[in-house]
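> The residues making up each chain are set out below.
2 protein chains.
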Amino acid sequence: MALLVQKFGGTSVGSIERIEAVAERVIQARQRGHQVVVVVSAMAGETNRLLGLAKQIDAVPTQRELDVLLSTGEQVTIALLAMALNKRGYQATSLTGEQLGIRTDTVFNNATITEVETEVVTELLERDHIVVVAGFQGRDSQNNITTLGRGGSDTTAVAIAGALAADECQIFTDVDGVYTTDPRLVSEAARLSTIHFDDMTAMARHGAKVLQLQSVEYAEQHQVPLRVLSSFAEGEGTLVDFSTVSSHGAAGVAVKGRQALYRVAQPLEKVEQQLGLLGVDAWCYGDSQQATYPATYIVAADDELARLNVILEKTELTQPSVAILTLVGEGIEGDSTQVAASLTEKGMRVYQQKSTARCVSLLINGQHLQLAVEHIHKKFVVEPESLDNRPLLAVS
Amino acid sequence: MALLVQKFGGTSVGSIERIEAVAERVIQARQRGHQVVVVVSAMAGETNRLLGLAKQIDAVPTQRELDVLLSTGEQVTIALLAMALNKRGYQATSLTGEQLGIRTDTVFNNATITEVETEVVTELLERDHIVVVAGFQGRDSQNNITTLGRGGSDTTAVAIAGALAADECQIFTDVDGVYTTDPRLVSEAARLSTIHFDDMTAMARHGAKVLQLQSVEYAEQHQVPLRVLSSFAEGEGTLVDFSTVSSHGAAGVAVKGRQALYRVAQPLEKVEQQLGLLGVDAWCYGDSQQATYPATYIVAADDELARLNVILEKTELTQPSVAILTLVGEGIEGDSTQVAASLTEKGMRVYQQKSTARCVSLLINGQHLQLAVEHIHKKFVVEPESLDNRPLLAVS
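Chains as they are written, first to last, in the UniProt record's numbering: chain A, 1 to 396; chain B, 1 to 396.
One should not assume that every hint holds.
These stretches of chain B come out as covered by chain A in the derived footprint (C-beta under 8 Å, 3 or more residues) [to be verified]:
no.	segment
1	9-23
2	50-56
3	82-89
4	94-103
5	208-214
In case anyone wonders, no lab produced these hints; they're calculated from the structure. Positions of the beta carbon are idealized from the N, C-alpha and C atoms, including for glycine.
Pulled out of the complex, with its shape left as it was, chain A reads as follows (with noise of 0.2 Å):
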């Protein structure tokens, strides 16, 4: 017997008739024994429909009130579903944050989880209940609802399973587990059956979207394994933890598209803080053309021109459509050349390299980018064997 958090999101539980088959599947851990927390998100399109009613009384509404109005989205996804377990003769109950006890700062709409008391939902599970939980929010110390921000029902998820020590914390997707790259991009992408947790925060952290960063980061920290599974199809997914990588190459290619390339004539270290205050994740680095009078370029998305110059002053956009390419693996970093060579072989610029641990990444123009993917993933990923002077890892 198995202690499973899993977690479904919006579209997992989007209408009533899937809140359905997430109760089936619930179900049928709990016939393999196992004891199972659900962690839910607010139905697909709920969260949407309640923001626009508050849009509707004020364009910038009451941080605190928002919480208190977001927060019911996920409140009665569990109610629904823990109807639907007992409809089916399991014994199920629903908690929200602050019945659970999640505790967070008072970071309204994006909070951080600071406890997560496990007294209620240990006795729940040792009357052999199916417990069902309001991911996304918790209570401040204040007993203000609180919301975690985005991807806040995952690390609800990661934060419950840490708490209880619980042996999986199974994310249901629209996919059935991490995938080497997009595989909208590259047909020849494969499902990974494992994937260590530092492969896996690089991953998401240069652009994989299957997993939030925060919650991997979580989970790596309080050693919970983690498991990307499909909400709609059968399979083992793929399982995020400690163990051995099982490829000889790399982990994978992470993708951030729909990037541009902007310019201002600030210094480098300038930048880089005024967009830490901003909160936005750029990567910049300096003009090298511009000795006397520095200049800084920014990478960021393709959208962010006139958020930046609201405290960049004169920023410019000079190049429209730029990509990263991002290839993960354990000790990776030290082929930088090699991997940017691969690709002016081929007749593609790199404008700008970059390595950091066990990530390598290039900034490559737009156009390029589904032909540099598929090119680095073939020969990095699926045919390691031109990382001819990087040891060989052991095959588990």
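Keeping the supplied structure of chain A fixed, place chain B upon it in accordance with the hints.
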């Protein structure tokens, strides 16, 4: 400066525009220097929408989970109203039943308030906040979400007013006060400026819908003056308190239409006991024609035959349309013969009559309803000199 508790029902907060109008109404009271606690219901239609979702899953949804679901309706309203007040420059804080500290028993879907904590709301009022509270909901001793059943938001408002020793509990509704009888039936019906708690209780018990019986009883018990006001129009409304009656006649005529007469071949005591178990509120009387084989007549809503037959087999419908008129006023119970006679003189048959404290109830043919109410209302409320055997009460 007075402390007011204002309650707005589902129709009053049924759209964003109406929520904005409620905000303006609340601000009026605030501008007059009053402290205000606002209690709101779910937006009109929302409870039915949620119930519809639940019924798609289970025709008889788990009662606990139904309360988790339905309580989101009021939570949406409090957030939106607090936003609307904030937007207008007023400090306002929303509180769910749990956050305020509304304690109830564990009768899901029909809970009773056992305690109202005052600490949180008092602290907010002292900081000059308008407090916006979710009606209809509370928590039991195990921290389960409960809802209060019909008229629950009125009860919440009255309970909070009682706990805070508020100066007035103002119930905003779609009519502008308590009328001497149903104005849709009788054009002569007049708004009362004041009515005694005991008369209001009798009116509510016998069919007046403007206030829920439980909340009137609760207000009387906790000595909370109630005021019924229109959400949509200015005016003084009707004050319900312990003042001397301001009219020398009866207070009014309560009406229960859409009733039917049923008959079952069982003794009166047994029938009353069984109906009590089913929670059916019905007027019962023995069939005096049947000395040997006792039978009982039951007056109940005209669509109750199926439900009656569940516990009282072979109940028969004997009269598909009857109505109950109840004349309410201090000492009126001594005049039942005179009241009944006033109808029979006009050729209207009185099937049965009954006197209880401050009440004379008459069972009549449903087709005579309007004529009978008009006549009784004119004779005993508008021109009460006809009550010649009663001492006249002081006119205020």
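> If a hint holds in the structure, say so; if it does not, say that too.
Quick rundown of the hints versus the structure:
| no. | hint | in the structure |
| --- | --- | --- |
| 1 | 9-23 | holds (count 3) |
| 2 | 50-56 | holds (count 4) |
| 3 | 82-89 | holds (count 5) |
| 4 | 94-103 | holds (count 4) |
| 5 | 208-214 | violated (count 0) |
Checked against the numbered hints given earlier, the structure breaks only hint 5 and satisfies all the rest.
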